[in-house]
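Chemist: One-letter residues, chain by chain:
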Amino acid sequence: MILDPSRYVAPGMAGPQGSKPVRGNIYLPVPAQVREVHRENDLVTTFVLEFDDPLVNQEFSFEPGQFMMVSMPHCGEAPISFSSPPGRGGGFALTVRRAGRLTSAMHRLRPGDTIGVRGPYGRPFPMTELAGSSLLFVAGGIGLAPLRSVIDFCLDHRSDYGEITLLYGCRTPADICFADDLERWSRAGVRCLCTVDEADDSWSGRVGLVTELLQDVQVEADSWRALVCGPGIMIHFVLSRLLEMGLPRDHLFTTLERHMKCGVGICGHCFLEEKLICREGPVFSLAELDDTRNL
Amino acid sequence: MRDVLTVCCYCGCGCGLYLHVRDDRVVGSSPSRNHPVSRNNLCVRGWNAHGFIHDAGRLTEPLVRRNGRLRPATWDEALQITADALARVVHEHGPDAVGVVASAKCTNEENYLLQKFARAVLGTNNIDHCARL
Amino acid sequence: MLENFVLEKDHLLPLLRKLGRQYRLVAPVRNRHGDTLFTEIHDLDRVEIDLEHQPQSSLKPFFFPQVEVLSMYGLDHDTSSGATWYSFYPQLPENRPTVYFGVRSCDMMAVMYTDMIFLQSSEYDVYYARHRENAIFITIGCNQPFSNCFCNATRSGPFLEHGFDIQLTDIGDRFFVETGRARGVQLRRQWAYFFRDATEDDRRAQFQAALEARGLFNRLVHVDLVTRILARQEEPEAIFAELSARCQDCGGCAYICPTCTCFTIHDQALDEDRGERLRTWDACTFSGFTRMAGGHNPVDPDRQRVRKRFLHKLLHDVEHHGRTSCMGCGRCVDMCFGGVDILRFIEMVSENETEHEETP
Amino acid sequence: MTNSINEIEQAQVILVSGSNTTRTHPQVARRFYRAVDRGAKLIVIDPRRTRLARHAHIHLRIRPGTDIALLNGMMRSIIDENLIDDLFIQMRTENYTTMRDMLFGIDLAQAAAITGVPEKTIRRAARIYAQAQRSVICYCLGVTQHIAGTGNVQSYANLAMLTGHVEQEFTGVDPLRGQNNVQGACDMGALPGVLPGYQSVFDDAVREKFARVWGVELPATPGLTLLDMTHEAGGGATGLPQAAPAIRALYVTGENPLLSEPSLNGVKKAFHQYDFLVVSDIFLSETARVADVVFPAASFAEKTGTITSSERRVQLMRKAIEPVGDSRPDDWIVMELARRMGHAMDYTSPAEVMEEICMVTPIYGGMYHDRLDREWGVQWPCGGRNMEGTQYLHKYSFARGRGRFEPAAHVEPAEVPDSDYPFALITGRFYFQYHTGTMTRRTPILERESGQPLLEMHPDDGRRLGLRPGSVVTVASRRGRSRFVVELTDRVAPGNLFTSFHFAEAPVNELTIDASDPVARCPEYKVCAVRLEEVEPC
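Top line first, the protein sequences correspond to chains V, Y, U and R.
In terms of this note's numbering, the first sequence opens at residue 12 and continues consecutively.
In terms of this note's numbering, the second sequence opens at residue 110 and continues consecutively.
In terms of this note's numbering, the third sequence opens at residue 23 and continues consecutively.
In terms of this note's numbering, the fourth sequence opens at residue 55 and continues consecutively.
No lab work stands behind these hints, which were simulated from the structure alone.
Possibly wrong hints are sitting among the right ones.
Simulated pairs of lysine to aspartate or glutamate, EDC-like, Cα-Cα distance not exceeding 16 Å [claimed, not checked]: (1) R:K373 - Y:D133; (2) U:K31 - U:E74; (3) V:K286 - U:E341; (4) R:K322 - R:D346; (5) R:K373 - Y:D132; (6) U:K31 - U:D293; (7) R:K174 - R:D161; (8) R:K323 - R:E340; (9) R:K174 - R:D134.
All chains should be built: construct the whole structure from the sequences, respecting the hints.
Modeler: Structure below.
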């Protein structure tokens, strides 16, 4: 369900020529309340949000891979992916890395504060199409956030999916997000492999790029699908490597990030060649992307 | 909507531009096609010349320092305090103890009045602006 | 089949006077400085309606203003819990039934394109819709194209087959009148006594004017060829780089373009707890258009600044919507500081191709 | 400018110095592009490789502050190759022999050593400039903001006179003015030494004329420049000839000296000493914040009046909306103050003020508002209502009769890099920002495009210091320190840094030096020595 703040729309509004159905104002955010704040690390925080109106809460639904446009006072809006799975009730989670003015303001939020949201927007991961396959997740840094939504969705529908493997790479141990989830997933039978580019004394795990973890994984072209998310350059190398490993292009999925203003395919900011990421993405199969060098 | 031809407020090229006004609010800028300098063209600053006019930071009332802090005042108060203070300095230290800084952002008429104010009212040639900047 | 009528030139002003009483009237007006702009007319006797010069901007600002308030927002603080409540109040523009008179074919085609972007995509833009509802377009064909026009090459003029409510053609002492969409038909019927049925002579005169206009274009370019070349996926990187280096970042091409619809949304604080959410025209030639919060920019401004603009107009929109979104109005040609307008691009790409074809 | 902006299109050779024209005077740059497209040759003199320099046929990338050495070298080369305009020199100039004798002492090899430009390139540029029929020189603050600013300007005039490239359409020497009405403020006598129309305050007849119109005696004592008024009030610090009386009260309109003046620490001290400071501005600028009284002024969209562009075009600025809030135009404020100080200024409109200006200012004799309203402005000099404006100056003779050659010798900048402060810091402007940013930084698109105080540094220097784009560095000079964000670019030469004074959070004028040209009193913003301290990798 797309949030329709129709209660704000002036009554009696008709479209041109009087023929358009009355529709809501797509630019109008709806207030959502911060219920929980989880510090993932110095720069990354997860917010669990819910709507004030219980009816909206009940009806609101989204799919893994979609995003919300989030408003903060005096800061405008930014797109942020869901990091929780749909269908669990009790709101939704957004995970944010402090990068600009808006995300910095979000890091000052406390439980009980409200933010504005509109959405959900974008094309999600094709969860039905993925059913029956084994899944390889490859994430870099905060790129794990949208994949977390998928992994938990799969665990909620465990019998629909085969083996699940997660390869997770971060720059340093301090950059790791969702440490608790990694443990939880391991206990639930997800094979989790982590690596960091630069280790410190606290780190006893692997050191190296996430692409190197791919050596430890056996994937079978027919029955495996891979979902990749992280910095553009990492996506490029991981997808190239997976192609070499024999996975066909339409078995590889990624989700992309762009500067975005409207979220609904009008403002034009989030273009990638002829596509608009907000509408035709953010999730793409590699078969739909010509060139991954400039992601 | 009204279109008012004026001159750009930024650099010294002197582009002619239209300010588009709706309900006493400037909602856009665009170039004049026949203006000899701008000739249908503006730089990015000219195209955005309306951008700051309605900013919330605009000063909308006179301010006077009281107990160390600037506080709102009436025009009458602000002008009288200033006139008295300038007169006092002229009286106590002579006209050359007062300086006037005119502005490359003000009109010719305003600059003319400012230098006249310095020379005829205060009695000093201490008048300059940021020509060297 | 379209119905055809004739309106004597002497009767135009009286007709506009009638329309002006019922609708807001917008027409190209030559102001006292000599510039011609689409202007809201309050008193027909005090303005000079100008059908000789191209209006310097299109109708875009009427439907999609350069700056528009989307909503107000406010913060309420709960002193006991310390939490803040954040709410939005929409500011929908007023809808005013308007007759747009003297609209050129290119500008009419541009309105049809922007309708598609704002109203027929998956989402529906109520702000645009509010401005756009209840608009009637009386267009005028171009017997004499302006100096930088190339609408014949983009197939958006000089005369239209459809899209207008009423289309006028200047045939000497009278206008040839075609009614198109329902509102035009209705308007013609309402003021039937201004119009007489067209004769065969009138039709021939109209046909002749349309035919002659095609031969009067200054700028001869082959837009379809360029679309085909771009579709081959051999990117003219060198041309993009050369033009990008000369681009002066003014954004003028996008601002003046009747089909450029990109915008940005930002908040303007009014005080600590209140503010306005505004949308403002934006341009894909700015570096900040694609730069992300962390500073990464997927577009290389030095070499690709103008790339999206030209590909979007000449290729991507052909793929998405079946036609170029350049309507050949030529406004950006005059406008460009660095001389890197779309005509120059089209010419460079075509020349490149010709050279290739000639070298075995 | 002696010429009009449109004339530049017709030039055959354009010599641009110390101007990032595409960024700061886009309309002028637009004419450069047109001219080059028509076959003109473009020569750029600039320590930075600006966009325009990339577009140039010859880029003379001099060491900052070495214009005179370069120009003397060029002129020597012009004499050597006998490309001077004998007839022009004979008929229109004076003091040529002194000039020639000085040039005979110039050694091109030495000029090359001082400027860092190869001898061959100097010769080539000189030849191109001298040989063309229509050569135009445009310069900006890169020439004037040096302690040798006056010498720089004179040298460009020398070059133009030597080759006869003045007094005609499409040729000349054109200083580009930075602000929309900096020309007008000068024309109107907002300068210590002159009354409106550049009529000297030391000329008894002139003072007499104004006294009759204004009804008061005018002061004949020399006034102080902005630099002297704002640096340690009454201080000898800036090398005044005689000790001036201390400034006790200052009235500032629409300027922001607390961000824009050099060596800000000194300025702050001066402001601290004033008994009374009144500021009129549209925003609470850094300067307004410390004032005793602040007047809210109307913006350009809210008042009527004339402004004068760089090409001497006097144009009418028309009021579009009522003043925001309770703000008022500055002319109203000044008249109110004057009235309260016992000197009524009873003008009912800006047009009436202009009528008086027309009367007392010969070059503005015909600038009546009703006329300006009908035309696209008029270029001064224009002596009367029925006279035409003037497209280019010095048509038949220079303002002062003959053009006088003023030989100048190279002067090193007041502060050059050394082992303690190894970088030369150049200051200037960014495209999307303007001046101290009070207007542009509140304009969303402009602030988005360029919202950070960037410090341009050559990639080699960056590599050597381990800096990446986005690293934050503290830059220190002998006067202060300030923090910037590094941008690595070959626009600057190794050893040079470039930044701008738009950003209050990174006040570059904490670093700059208040040494100034002894004649023009123009501070040397363009070069000072700095070092990097405290580097935070991004």
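Chemist: It remains to establish, for every hint, whether it holds in the given structure.
Modeler: Hint by hint, here is what the structure shows:
1. R:K373 - Y:D133: 11 Å, holds
2. U:K31 - U:E74: 14 Å, holds
3. V:K286 - U:E341: Answer holds: V:K286 to U:E341 is near 11 Å, not above 16 Å.
4. R:K322 - R:D346: Holds, because 15 Å separates the two Cα atoms, which is no more than 16 Å.
5. R:K373 - Y:D132: 14 Å, holds
6. U:K31 - U:D293: This hinted pair is violated, its Cα atoms lying about 55 Å apart.
7. R:K174 - R:D161: Answer holds: R:K174 to R:D161 is near 13 Å, not above 16 Å.
8. R:K323 - R:E340: 14 Å, holds
9. R:K174 - R:D134: 14 Å, holds
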